[in-house]
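Make the full structure from the sequences, and use the hints.
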Amino acid sequence: MAGGPSFRLDDLAARVGGEVAGDGAARIEGVAPLEEAGPGDISFFANRKYRAAFEATRAGAVIVEPGEAGGAGNRLVASNAYLAFAKVSTLFHPPRAAVPDVAPQAFVHPDARVAASAEIMPFAHVGAGAEVGARTILFPGVVLGEGARVGEDCLLYPNVVVREGCRVGDRVILQPGCVVGSDGFGFAFDVQGEEGSGPRHYKVPQAGAVVIEDDVELGANTCVDRGTLGDTVVGRGAKVDNLVQIAHNVAVGPLSLLMAQAGIAGSTRLGMGVILAGQAGVVGHLQIGDGAKVAAQTGVMHDVEAGAVEGGSPSMPHAEWMKVQAVLRRLPELVKRVRQLEKAVERLGGKP
Amino acid sequence: MAGGPSFRLDDLAARVGGEVAGDGAARIEGVAPLEEAGPGDISFFANRKYRAAFEATRAGAVIVEPGEAGGAGNRLVASNAYLAFAKVSTLFHPPRAAVPDVAPQAFVHPDARVAASAEIMPFAHVGAGAEVGARTILFPGVVLGEGARVGEDCLLYPNVVVREGCRVGDRVILQPGCVVGSDGFGFAFDVQGEEGSGPRHYKVPQAGAVVIEDDVELGANTCVDRGTLGDTVVGRGAKVDNLVQIAHNVAVGPLSLLMAQAGIAGSTRLGMGVILAGQAGVVGHLQIGDGAKVAAQTGVMHDVEAGAVEGGSPSMPHAEWMKVQAVLRRLPELVKRVRQLEKAVERLGGKP
Amino acid sequence: MAGGPSFRLDDLAARVGGEVAGDGAARIEGVAPLEEAGPGDISFFANRKYRAAFEATRAGAVIVEPGEAGGAGNRLVASNAYLAFAKVSTLFHPPRAAVPDVAPQAFVHPDARVAASAEIMPFAHVGAGAEVGARTILFPGVVLGEGARVGEDCLLYPNVVVREGCRVGDRVILQPGCVVGSDGFGFAFDVQGEEGSGPRHYKVPQAGAVVIEDDVELGANTCVDRGTLGDTVVGRGAKVDNLVQIAHNVAVGPLSLLMAQAGIAGSTRLGMGVILAGQAGVVGHLQIGDGAKVAAQTGVMHDVEAGAVEGGSPSMPHAEWMKVQAVLRRLPELVKRVRQLEKAVERLGGKP
Numbered sequence: 001m002a003g004g005p006s007f008r009l010d011d012l013a014a015r016v017g018g019e020v021a022g023d024g025a026a027r028i029e030g031v032a033p034l035e036e037a038g039p040g041d042i043s044f045f046a047n048r049k050y051r052a053a054f055e056a057t058r059a060g061a062v063i064v065e066p067g068e069a070g071g072a073g074n075r076l077v078a079s080n081a082y083l084a085f086a087k088v089s090t091l092f093h094p095p096r097a098a099v100p101d102v103a104p105q106a107f108v109h110p111d112a113r114v115a116a117s118a119e120i121m122p123f124a125h126v127g128a129g130a131e132v133g134a135r136t137i138l139f140p141g142v143v144l145g146e147g148a149r150v151g152e153d154c155l156l157y158p159n160v161v162v163r164e165g166c167r168v169g170d171r172v173i174l175q176p177g178c179v180v181g182s183d184g185f186g187f188a189f190d191v192q193g194e195e196g197s198g199p200r201h202y203k204v205p206q207a208g209a210v211v212i213e214d215d216v217e218l219g220a221n222t223c224v225d226r227g228t229l230g231d232t233v234v235g236r237g238a239k240v241d242n243l244v245q246i247a248h249n250v251a252v253g254p255l256s257l258l259m260a261q262a263g264i265a266g267s268t269r270l271g272m273g274v275i276l277a278g279q280a281g282v283v284g285h286l287q288i289g290d291g292a293k294v295a296a297q298t299g300v301m302h303d304v305e306a307g308a309v310e311g312g313s314p315s316m317p318h319a320e321w322m323k324v325q326a327v328l329r330r331l332p333e334l335v336k337r338v339r340q341l342e343k344a345v346e347r348l349g350g351k352p
Numbered sequence: 001m002a003g004g005p006s007f008r009l010d011d012l013a014a015r016v017g018g019e020v021a022g023d024g025a026a027r028i029e030g031v032a033p034l035e036e037a038g039p040g041d042i043s044f045f046a047n048r049k050y051r052a053a054f055e056a057t058r059a060g061a062v063i064v065e066p067g068e069a070g071g072a073g074n075r076l077v078a079s080n081a082y083l084a085f086a087k088v089s090t091l092f093h094p095p096r097a098a099v100p101d102v103a104p105q106a107f108v109h110p111d112a113r114v115a116a117s118a119e120i121m122p123f124a125h126v127g128a129g130a131e132v133g134a135r136t137i138l139f140p141g142v143v144l145g146e147g148a149r150v151g152e153d154c155l156l157y158p159n160v161v162v163r164e165g166c167r168v169g170d171r172v173i174l175q176p177g178c179v180v181g182s183d184g185f186g187f188a189f190d191v192q193g194e195e196g197s198g199p200r201h202y203k204v205p206q207a208g209a210v211v212i213e214d215d216v217e218l219g220a221n222t223c224v225d226r227g228t229l230g231d232t233v234v235g236r237g238a239k240v241d242n243l244v245q246i247a248h249n250v251a252v253g254p255l256s257l258l259m260a261q262a263g264i265a266g267s268t269r270l271g272m273g274v275i276l277a278g279q280a281g282v283v284g285h286l287q288i289g290d291g292a293k294v295a296a297q298t299g300v301m302h303d304v305e306a307g308a309v310e311g312g313s314p315s316m317p318h319a320e321w322m323k324v325q326a327v328l329r330r331l332p333e334l335v336k337r338v339r340q341l342e343k344a345v346e347r348l349g350g351k352p
Numbered sequence: 001m002a003g004g005p006s007f008r009l010d011d012l013a014a015r016v017g018g019e020v021a022g023d024g025a026a027r028i029e030g031v032a033p034l035e036e037a038g039p040g041d042i043s044f045f046a047n048r049k050y051r052a053a054f055e056a057t058r059a060g061a062v063i064v065e066p067g068e069a070g071g072a073g074n075r076l077v078a079s080n081a082y083l084a085f086a087k088v089s090t091l092f093h094p095p096r097a098a099v100p101d102v103a104p105q106a107f108v109h110p111d112a113r114v115a116a117s118a119e120i121m122p123f124a125h126v127g128a129g130a131e132v133g134a135r136t137i138l139f140p141g142v143v144l145g146e147g148a149r150v151g152e153d154c155l156l157y158p159n160v161v162v163r164e165g166c167r168v169g170d171r172v173i174l175q176p177g178c179v180v181g182s183d184g185f186g187f188a189f190d191v192q193g194e195e196g197s198g199p200r201h202y203k204v205p206q207a208g209a210v211v212i213e214d215d216v217e218l219g220a221n222t223c224v225d226r227g228t229l230g231d232t233v234v235g236r237g238a239k240v241d242n243l244v245q246i247a248h249n250v251a252v253g254p255l256s257l258l259m260a261q262a263g264i265a266g267s268t269r270l271g272m273g274v275i276l277a278g279q280a281g282v283v284g285h286l287q288i289g290d291g292a293k294v295a296a297q298t299g300v301m302h303d304v305e306a307g308a309v310e311g312g313s314p315s316m317p318h319a320e321w322m323k324v325q326a327v328l329r330r331l332p333e334l335v336k337r338v339r340q341l342e343k344a345v346e347r348l349g350g351k352p
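Protein chains in written order, with our numbering: chain A, 1 to 352; chain B, 1 to 352; chain C, 1 to 352.
One or more of the hints may lead you astray.
What the hints assert, rightly or not - One-sided excerpt, in silico: chain A residues whose CB lies under 7 Å from chain B: (1) PHE107; (2) VAL108; (3) HIS109; (4) PRO110; (5) CYS223.
Stated by the list, open to error - Heads up, simulated EDC-like pairs for lysine to aspartate or glutamate below, C-alpha to C-alpha not over 16 Å straight-line: (6) LYS336(B) - ASP214(A); (7) LYS343(A) - GLU342(C); (8) LYS351(A) - GLU342(C); (9) LYS203(C) - ASP170(A); (10) LYS293(A) - ASP303(A); (11) LYS203(A) - GLU342(B); (12) LYS203(A) - ASP214(A); (13) LYS343(C) - GLU342(B); (14) LYS49(C) - GLU29(C); (15) LYS49(A) - GLU29(A); (16) LYS343(B) - GLU346(C); (17) LYS336(B) - GLU342(C); (18) LYS203(B) - ASP214(C); (19) LYS323(A) - GLU333(B); (20) LYS323(B) - GLU346(C); (21) LYS351(C) - GLU342(B); (22) LYS49(B) - ASP23(B); (23) LYS203(C) - GLU35(A); (24) LYS343(B) - GLU342(C); (25) LYS343(A) - GLU346(B); (26) LYS343(A) - ASP170(B); (27) LYS336(C) - GLU342(A).
No wet-lab data here; the hints were simulated from the structure.
Keep in mind that this is a model prediction, so the values were computed, not measured.
The beta carbon of each residue, even a glycine, is placed where N, CA and C say it ideally should be.
Here is the structure:
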């Protein structure tokens, strides 16, 4: 990356709120993993699993927590090393800026409003009445339905769909193939049907929309269904991984984190800062309190209090789940012990 | 929504097969959730969780089951209140009708056949020999492969893919990003390989297709693989939620309901009206009988009889699973009790 | 399929390394399932579940393992019958060959390099500096980002996305809607935030890329995230089913098989020939040894040794898991037996 950005180590430290241990004049020209970093690179160490790589690294500097400030090499010491790393890496890898343009191969409906500073790439489609805010980028194949609104400084990666009437805030990132505003899964069973139809599932119109608030990120091929009447909402600053399902009328609280392949059924409300780990599921019409955590593959079937941690399927408090798991593997042995007890009691003249 | 549809309450009741309790002349101009409804709106109450909202609602009328016909406000009483709500809501939110047109930015192969009443939006692609029926809408980014056929009155939302040779019936709705006709996952392990290749997984051609019968709906980013030789079939009136996997040569029976993130492995056959709840999985080559139900996150590894309800992973009859779950949390305590029994038996002179 | 390929049975056998039992001169004009095959078709029998269909088939010949060579009809006998079937079927269903062309409705950036023998279909997008190798086909709606490289003889089905800087090898197949190079899910919690922002999840730049090696296949709507700094790698000859999540910095070893809806969290490394069954999950920063197998819906939370088989969530050795499952259903009964034992011991004068 010749000609890329370059910083003095002490300059980097000042910009991210850290301190230098070692040579503040060291020149940093890139960011690299511990194993691959060279003398011009800064690297990052926090997970103890990688201590050997940390000790062997050829990096020009390493971002560490205060406890790791000692040792031979240069250190950028920060109380939240991961945050410092994120900020340093952003200096070297700034987000792509919009190049104001509407590609001649794009389709922008005459009744749509696209900010002059926005970038609309080929085969992007902006429907009637849709709006695109300042400096927002629509990559190829993005489809905004009628009246869909996208705010400022957003990145909508290729083949993202925002269906009619949905609203996306500012600084939102939608990874490729993500779908906002698909119909919720609502059907009323009609055992008689119409003339000739026989029994059928009668579609309940999904007449609400989706609101994606500011600073949200949605992962690749993640789906957020529109509400049946009201709106489905993903709150400010929430981050959602790939292949996540958010059903109709769900509310995801601000700053929540939903990991890959998690799913939330209809009308469930997550508080602020809720964490769903990968492949976790939550059934419908529940309340999940602020800061609750749900372990991977957990199945939540009841309301969860603020701050609680759940595990298991169906779920229970995680600490209890851990205890159950610890003894679960001893279950076959337990069955044998009970059988022996029964024999022993019988030998003693008892009737088990 | 000035200028939108407006009905007398007794007119609505007559149209959906219900009866009025209260003022049949009340004017209804919209549908809204209990909390948000005003005097011009009709709302809906069935889930007891929302009784407080029902009692506090300002709605001009509420659709209810017969048991809730009493009380002060206007009621539209129907034996299947949810179905009545669906029909009322459809009167206020009719499905989008096709505007006959082929957008100049669309691609329609000269050998394709598109009904004159169909609507083909920009960047939709209709391959050679493909067919699009009357009043069907292809939204932007839809891709129909060679010889793919789509019937009448269908909605194919943005970025839906129907690969070559697949057939979609009438009144089918495909949500955004849904894929019909991807290759099934079939490989034969070839330990020798060819010259220079080493061991390899040899691809088994997926030469069949997919048949989506009439009145089916498939969710956003759901995938239905084409058959290896014969066809994968989703039967009449089945409804499939988002992010569902339907593998090659599966048959989904008519009127089945597959919830979000469920998966069905190859060659498994579901009967009529089968329900798979969210994140449930069914392994391959099984028979799942008519009306069987599978709970959320369940893993089905054996045939299931008609009408049975399964839970757990691997699955068992749901009632049994519930009993196991009920005692599972007592397992750590049970281990302690067995240890105490062993000590007690020993004190009694027995040998546990 | 008049005019399609046609072979003598002994010719087919010679081409796939098998032997004929019966009439080698039999004319074979197609491949069909046992139930549907006619006298001109060859079929395949290996799964004992389908023995009745095998015995009743009208197929002109059946591909079988050596143990099934007897009986009345013509047989193509091969030691690996499934592989022989795959090869025979490929003779009848050769992969689609590229028709050298760049559609006028495609977008190819002036700085991109597209091989003259490649086929670029309408609404495919090849970004600046991107490369497309010989005989590769980009179906409609495929998006290659800036500097993305795709090798020779690849099939990129409709609406596939390969984001900027990612590299795809030779003979790779990407099913529709598959995403390569979405941002990994990395955020540092910033409790203070900037002026006015309040607490936030600060995005960690995902500055690495994805490398898809030769002969890989990725399923429909599957997602492979780009690395945070280094690359995410899917190794040579690995096959990945639909709706699979591969997180940032994961390494999938050569010849691995990942079934539908499986998920791998960040930085985990799979060895060669690892198998993850459907809906299985593996947490981050683990090592999964060569040839390890993970059962469906399993949740792996620790390193797994080469050749090991894991089941359960959280996982344990599969054999142990099977034993636990076998007794799990007896747990309610076990609780009763312990209660009876306690009473019996009490009657004997002991204190349980």
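Does the alpha-carbon distance linking LYS343(A) and ASP170(B) stay inside the 16 Å limit? violated (68 Å)
Hey, LYS293(A) versus ASP303(A), does the alpha-carbon distance stay inside 16 Å? This hinted pair holds, its Cα atoms lying about 12 Å apart.
If you draw a straight line from the CA of LYS203(A) to the CA of ASP214(A), is it 16 Å or shorter? Cα-Cα ~32 Å, so violated.
Would you check the hint for LYS351(C) and GLU342(B), treating anything up to 16 Å between C-alpha atoms as holding? holds (11 Å)
Could you grab the alpha-carbon distance between LYS203(C) and GLU35(A) and see if it respects the 16 Å cut-off? violated (23 Å)
Quickly compare the C-alpha distance for LYS203(A) and GLU342(B) to 16 Å and report which way the hint goes. violated (61 Å)
Next pair to validate is LYS343(A) with GLU342(C); report whether the Cα-Cα distance is within 16 Å. holds (14 Å)
Report holds or violated for the interface hint on PRO110(A), using the least CB-CB distance to chain B and a cut-off of 7 Å. Hint on PRO110(A): violated, closest Cβ of chain B at ~13 Å, above 7 Å.
Within 16 Å, alpha carbon to alpha carbon, are LYS343(B) and GLU342(C)? holds (12 Å)
Given the proposed pairing of LYS336(B) with ASP214(A), does the C-alpha separation stay at or below 16 Å? Violated. LYS336(B) to ASP214(A) sits at ~52 Å, over the 16 Å cutoff.
Would the hint linking LYS336(C) and GLU342(A) be met if the CA-CA limit is 16 Å? Holds, at about 12 Å.
Holds or violated: are the alpha carbons of LYS49(B) and ASP23(B) at most 16 Å from each other? Answer violated: LYS49(B) to ASP23(B) is near 27 Å, above 16 Å.
Consistency with the previously given hints fails for numbers 2, 3, 4, 6, 11, 12, 14, 15, 20, 22, 23, 26, ordered from lowest to highest.
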